[in-house]
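Engineer: Line by line, the protein sequences are chains A and B. Just so we're aligned, residue 839 is where the first sequence starts under our numbering, counting upward by one. Just so we're aligned, residue 4 is where the second sequence starts under our numbering, counting upward by one.
Among the hints, erroneous ones may be present.
Said to hold, decoys possible - Derived contacts from chain A toward chain B, CB cut-off under 7 Å, selection only: (1) I841; (2) P842; (3) L846; (4) L853; (5) F991; (6) W992; (7) M1091; (8) P1094; (9) A1098; (10) V1101; (11) I1128; (12) V1134; (13) A1136; (14) V1139.
Honestly, the hints are just simulated from the structure, not real lab data. All C-beta atoms, glycine included, are put in the ideal place defined by N, C-alpha and C.
Next come the chains, spelled out residue by residue.
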Amino acid sequence: MIIPTLFLITILVFLLVRFVPGDVIDMMLAQMSEQSGMGAELTADYLRAAMGLDQPLLKQYGIWMGFLPNPLEGDQFLGVVQGYLGESLWKNKPVLTELIERLPISIELGLIAMITGWALAMPIGIYSALRQDTTWDYLGRSFAIVMLSVPGFWLATMVIVYPSIWWSWTPSLEYIPFLKNPGGNLLQFLLPGFLMGTNMSGGLMRMVRTMVLEVMRQDYIRTAWSKGLNERTVIIRHALKNALMPVVTIAGMMLPSLIAGSVIMEQIFCLPGVGRLTFEALTQRDYPIISGINLVMATTVLFCNLLTDITYAWMDPRVQYR
Amino acid sequence: MAATGIQSSDIRKRRNPIADFFIRLIKEKPLGLIGLIIVITLLLAGIFSEWLAPYGYNQIILSDRLDGPSVKHLLGCDNLGRDLLSRIIFGARISMIVAIAGSAISTAISFMVGAISGFIGGKYDMTVQRFVDAWMCFPPLVLYLIVMSILGPGLMQVIIVLGVSMGLGGGARVTRSAVIRIKEDVYFEAARAIGVPTWTIMMRHVLPNILPIMIIGFSTGLGGFILAEASLSFLGFGIPPPVPSWGGMLSGTGRQYMLQAPWMALWPGVALAVVVYGVNMLGDAVRDLFDPRLRGGLGRFGGLAGHQEKLEKLVQKKKAEAEKQRASLRS
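All chains, please: the whole structure from these sequences, using the hints.
Structural biologist: Pasting the structure below:
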């Protein structure tokens, strides 16, 4: 199942960028001659050759994948299969190096967001379900609905604008490397990470609530109650153990939205992570970088889904692998 | 209770499904009703922007640059001296068009891809599903950004990109599984057995049965389209500037002036949040009222509490009656 999907992902990544129309090449030419200072050698044909666009489509794919010798790299077999994702059109730097440099920042942000999201969603969702139709339930659900409706970028803008007007405090919008100042770095990531997490927690909370509600209506919970077990045991040993298993699968499905959130948050808070790299590459039309990021992201998502499936099967004895 | 069991009022209630839907919405889903009111407001603002807005969306009054909220400009002015309220009202049009057109395209595509794939089945289905798998691995926002950078900014592009990619993603999956479920039903087999042409089966038997699911998909998707368009415009890849999009108003040159004129950052976001809230609430209500799987499922459980109360009252009443009878017998 996973191999054909992986293969299709590479085709999609490849084709997405290959559909760049001619006028974009012209636009790139104008942009590049303005900014890079290259002279007469910079022509549309040169650019096409630099992107490998002068070959027939199937051959291009073969070269990009590393099945055919790459004329740009001295006819070596250098492609995706060999772990080579091409070179940035602007920086003369392999895409993979650039990506690895930026990755820790996005992972740090994502981790903080994920921890915040779950830390908010779990207790609120569980409590909301156990005390269904009470004031606290309504409060919790309203919180979830508000978080689902409020766009993250607006929340972030508000956090930047209003504190600076009221208390003249602004979050630092300059990246502090972790090795230079670990405390400052962590503080800097806390705000965007917390915002991302809060924004995500709405959807998560609703799912946790539904799962717990569903389980609380099962026969075995009624049996547990009628056995005379105390509330603590019923909820922790019988209900949560069953309710939170499907929630694990959601953790895997969160990854794409986490990536999307990081593109926006890194842009607003000026963090040089993968999201910002994507954005920069898009504004500069640096398509090799875009392909590279796209491929890495999609593959990560695919393997994350696989990992989730395996974890689920391992946790739930009812699921059997063929 | 009447001897026939069915009363004339029951029959009248079921006559018009649309009227029935609205009656149930008002009776059972107060939040959905609030959502409906917000959505109607959005539609009115979007359709009648020219009449409702006090100024044009790009009408520049230089003397009022960065003016705060006042009687002249209810929500204040932006850095170019454009009335914010007018721009928000015109922005409603963009959100409305993107949401409705995008969701329609997405629903149509999810039907074409999902229903046909589920209907044909076999190797074709396998191939299409692997494509959908691969497609769903791409983080949506990144995918939109890439395609938008290739197509260039514009309303039409935004609608097509969002509609197609959302339709190929989740929508196709849901439609497909619904069609596969229908294929196992007896009426489907019966239609096959008496030799009804495939196209007729599709239109007469499959489509009406997955219609509720498609309506649910359409209505629950609307909010996502509004948010996605806003995010794209916020990042500068959506609707190009002079046209006001709520996401775009929060970005670009506007961002530089937000400290001097915080209302510029506040109101478009409020509009966005309220509208998405309304659309989501209405979508949830539509799902609850339409979804055949939920009909009588969770709803019945919720209703049981009420029934139990009634039952207890009845028992008490009977007990009291019995007590009375006993008392009268004794005396």
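Engineer: All hints are to be evaluated individually against the structure, with a verdict given for each.
Structural biologist: To see whether the hints hold, each was checked on the structure:
At about 10 Å, the closest approach between the beta carbon of A:I841 and any beta carbon in chain B exceeds 7 Å, and the interface hint on this residue is violated. Contact between A:P842 and chain B, as hinted, is supported at the beta carbon level, the nearest pair being about 5 Å apart and thus within 7 Å. Residue-level restraint check for A:L846 holds (minimum Cβ-Cβ distance to chain B is 4 Å; threshold 7 Å). Interface restraint check: A:L853 against chain B, minimum CB-CB distance 11 Å, threshold 7 Å, status violated.
For the restraint placing A:F991 at the interface with chain B, the shortest Cβ-Cβ distance is roughly 5 Å, inside the 7 Å limit, so the hint holds. A hinted interface residue such as A:W992 counts as satisfied when its beta carbon comes closer than 7 Å to some beta carbon of chain B; here the least separation is about 3 Å, so the hint holds. The beta carbon of A:M1091 comes no nearer than 9 Å to any beta carbon in chain B, farther than 7 Å, and the hint placing it at the interface is violated. Interface hint at A:P1094: satisfied, since its Cβ lies 4 Å from the closest Cβ of chain B, which is below the 7 Å cut-off.
Because the closest C-beta pair between A:A1098 and chain B is about 4 Å apart, less than 7 Å, the hint holds. Residue-level restraint check for A:V1101 holds (minimum Cβ-Cβ distance to chain B is 6 Å; threshold 7 Å). Here the hint on A:I1128 is kept, as its CB sits about 6 Å from the closest CB of chain B, short of 7 Å. Evaluation of the A:V1134 hint against chain B yields a violated restraint, the C-beta minimum of about 11 Å exceeding 7 Å.
Restraint check, A:A1136 versus chain B: the minimum CB separation of about 4 Å is within 7 Å; hint holds. Evaluation of the A:V1139 hint against chain B yields a held restraint, the C-beta minimum of about 4 Å falling below 7 Å.
Hint check: violations occur at hints 1, 4, 7 and 12; the rest are consistent with the structure.
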